[in-house]
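2 protein chains.
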Amino acid sequence: MKQSKLFTKTRKEVPTNEEAKNAKLLIRAGYIHKEMAGVYSYLPLGLRVLNKIVEIIRREMNAIGGQEVFLSALQDPEIWKKSGRWSDEAFENWFKTKIKAGGEAGLGFTHEEPLTNLMKNHISSFRDLPRYVYQFQTKFRNEPRARSGIIRGREFLMKDFYSFSRDTQEHEIFYEKAKQAYQNIFAEAGIGAQTFLTFASGGTFSKNSHEFQTATDAGEDTIYLCEKCKVAVNKEIFVEQNTCPECGVKELVEKRAVEVGNIFSLGTRFSEAFGLNYLDEKGEKKLVIMGSYGIGPGRLMGTIVEVLADEKGIVWPKTVAPFQIHLIAVFDENGKVKIAAEKLYSALLKNGIEVLFDDRDLRAGEKFADADLLGIPLRVVISEKTLKENKIETKERATSEISLISESELINLLNNS
Amino acid sequence: MKQSKLFTKTRKEVPTNEEAKNAKLLIRAGYIHKEMAGVYSYLPLGLRVLNKIVEIIRREMNAIGGQEVFLSALQDPEIWKKSGRWSDEAFENWFKTKIKAGGEAGLGFTHEEPLTNLMKNHISSFRDLPRYVYQFQTKFRNEPRARSGIIRGREFLMKDFYSFSRDTQEHEIFYEKAKQAYQNIFAEAGIGAQTFLTFASGGTFSKNSHEFQTATDAGEDTIYLCEKCKVAVNKEIFVEQNTCPECGVKELVEKRAVEVGNIFSLGTRFSEAFGLNYLDEKGEKKLVIMGSYGIGPGRLMGTIVEVLADEKGIVWPKTVAPFQIHLIAVFDENGKVKIAAEKLYSALLKNGIEVLFDDRDLRAGEKFADADLLGIPLRVVISEKTLKENKIETKERATSEISLISESELINLLNNS
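If you read the sequences in order, they're chains A and B.
Heads up: the first sequence at position 82 corresponds to 62 in our numbering, and the numbers run straight through without jumps.
Heads up: the second sequence at position 79 corresponds to 59 in our numbering, and the numbers run straight through without jumps.
Source of the hints: derived by calculation from the structure; they are not laboratory data.
A couple of the hints might just be wrong.
Here are the simulated lysine-lysine pairs, DSBU-like style, with alpha carbons at most 30 Å apart [to be verified]:
id, chain 1, residue 1, chain 2, residue 2
1, B, Lys61, A, Lys119
2, A, Lys119, B, Lys(-15)
3, B, Lys78, A, Lys119
4, B, Lys4, A, Lys119
5, B, Lys61, A, Lys78
6, B, Lys157, A, Lys(-18)
7, A, Lys4, B, Lys100
8, A, Lys61, A, Lys76
9, A, Lys80, B, Lys1
10, B, Lys(-11), B, Lys316
11, A, Lys157, B, Lys(-15)
12, B, Lys262, A, Lys(-8)
13, B, Lys62, A, Lys100
14, B, Lys80, A, Lys14
15, A, Lys(-18), B, Lys262
16, A, Lys330, B, Lys157
17, A, Lys119, B, Lys62
18, B, Lys78, A, Lys14
19, A, Lys(-15), B, Lys119
20, A, Lys323, B, Lys76
21, B, Lys(-15), A, Lys78
22, A, Lys78, B, Lys1
23, B, Lys80, A, Lys215
24, B, Lys78, A, Lys1
Chain A with its partners taken away, still in its complex shape (with noise of 0.2 Å):
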């Protein structure tokens, strides 16, 4: 894309009315847009990172049989009566509104209910279980505060995923794989290494819960972490396991961290609200064993944002990227390197390679401080200098390394990343 046919600018002023890094940073780079405290709008740079997100996540919600459904946000207050969880002292940050033609209703912040209300049109036998369903849709709480960017919003995109099970033990063998597949999704998403199986308290219906916890300074979070081990337990279960779970040892460092994702097993919580049974092989009537698993496209981006700025601006893991190249063109007085310039970004767009484009009458520093604020992983420098030496100058963002390269080494290289 041409960046001067982009229709977001960058800003040099802090926005006033924010505190977090995640914020301030991509509502300058013209990734967002503040619509009121807590609600935020993906600007084009933005919703290209925030489908980057979202395909991570899908294609491993796929792999371990997940059915991607879109539930409604607006949410019927007698089926969430059948749970218990309509009225404000169950949960306290609803949204709700009233309908003209007679009723109320609460916007979504989760979607055990609806959704296990629904399966039951589709769940009566053994053969029809295990199931596997989730989505991306966007959640709405009503937080007292709002002051964590795109971290924790009134109004955020969430992909939830339940897991409907014949027993314990198929529910179980389950929730091993989808604690794989979150630790694949937060390493492929460039935080692997900052990101923490964290052990929560399990409620009813099990020992533990699991949290994945990243450490930042940023977080609202407190984990005490096993640095040998790389698993945490969070805040609320240390008074009772100050020692690592996993090899025992009592030197837990403690961390501030972002939760960037939960997996819980639910039992029979809302399957037994609901009544959603199923007929075993000796035609006994069983409930469903049910799990559930966030994670927060959005909260993972300011997280990745947190977590890898540094004082120029925003770097995205390749995997993310906005772009996998900016390619800045610092023109000449006769034109030649205009012309190059356009030369090799059709070359890059035939090769399939994704390319924010400056092509702006700008000064070459604007242009380099915008590429260091954006954070695209690649820089790429066309001047005259480089045309001299038939190379092109490319910069690392996360590690600013530089190298003079042809066009070819540099479409190999690409292509073979």
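Here the structure of chain A is known, so what remains is to put chain B in place on it, guided by the hints.
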């Protein structure tokens, strides 16, 4: 996908609380689930159809220069007060909700206001124009009645596209391009022959706006069609314009129709309210000229069902069908059909063909009835009888045309269609 793994089941009973054919068929076939009046969830097969429609629209919107964004559902009252559309008198179908930290928010029913407001950060010079921005996003409308299934819901997906131009001339050139893109979309989605460019009132800023109306008895609108020119006028302007706007004939045919799309010139209605100005070549301040262009992908899906379904069930055009082939194994006693069907299923997948494979242990008649209800374009049957002839039987869902062909003929047919 193997049908034994698909979590949704078809049902014979017609839902008692639905009037609209689209809702009855889509619910029976397991494409959608009714959550509340006017509120539907999309199940795996339904989401596949919806996503295919979204992709057709996205391709056309990108081709006319659209840049995709994703704006928030929650709306800031302060923004809507600027255009005078916050009050329930100005727009009677708002859903509104309270923010616990203070204040309230609306649920977006359209996005002229927030987009015009945010474009102020990005448009200041004639060099920043024209700009084209669009999204696929859930809209909320507190409709007094909700009886048309997914054709008119209280919550629905919408593609809304907005144009920002320097002057009326630039706007009008783009408006014609958008008109053509819309015609491409309805043709590709399989209802081009039934969908008519319809002249409607243009409001303050333009003589006409245009609707795209699909003729069907299920429609809530009335149009007056010139059968020669294939254009229509809507009821609202028929009192003044009772002849064909193109050839002038008086013989217009009254028809019921669904409005599947609309395009509007907005003039300076919103740019004035928000102060969206730019400096032209001479340094003079001018207001941006806007247009808006909407299509509801879910409404389009419902309309396709209304127009093309027959007494046996849904009939999908190839371009939007959830799968291209419904492979049906009619099992024999010695297991040969099972082996041959699995082999054919693998061969089809290897050739990149989308197949729903009915591998369930059911009678042939039940499988055929499901195939008719689900409406996948080509039914492919493999049975003891077809195996003897070393052939498979194909049946077109739309025409009921049956052929006996070989496996390689089938794959050639699909790869070339």
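Hint compliance check: list the failing hint numbers for this structure, sorted ascending. 13, 20 and 21
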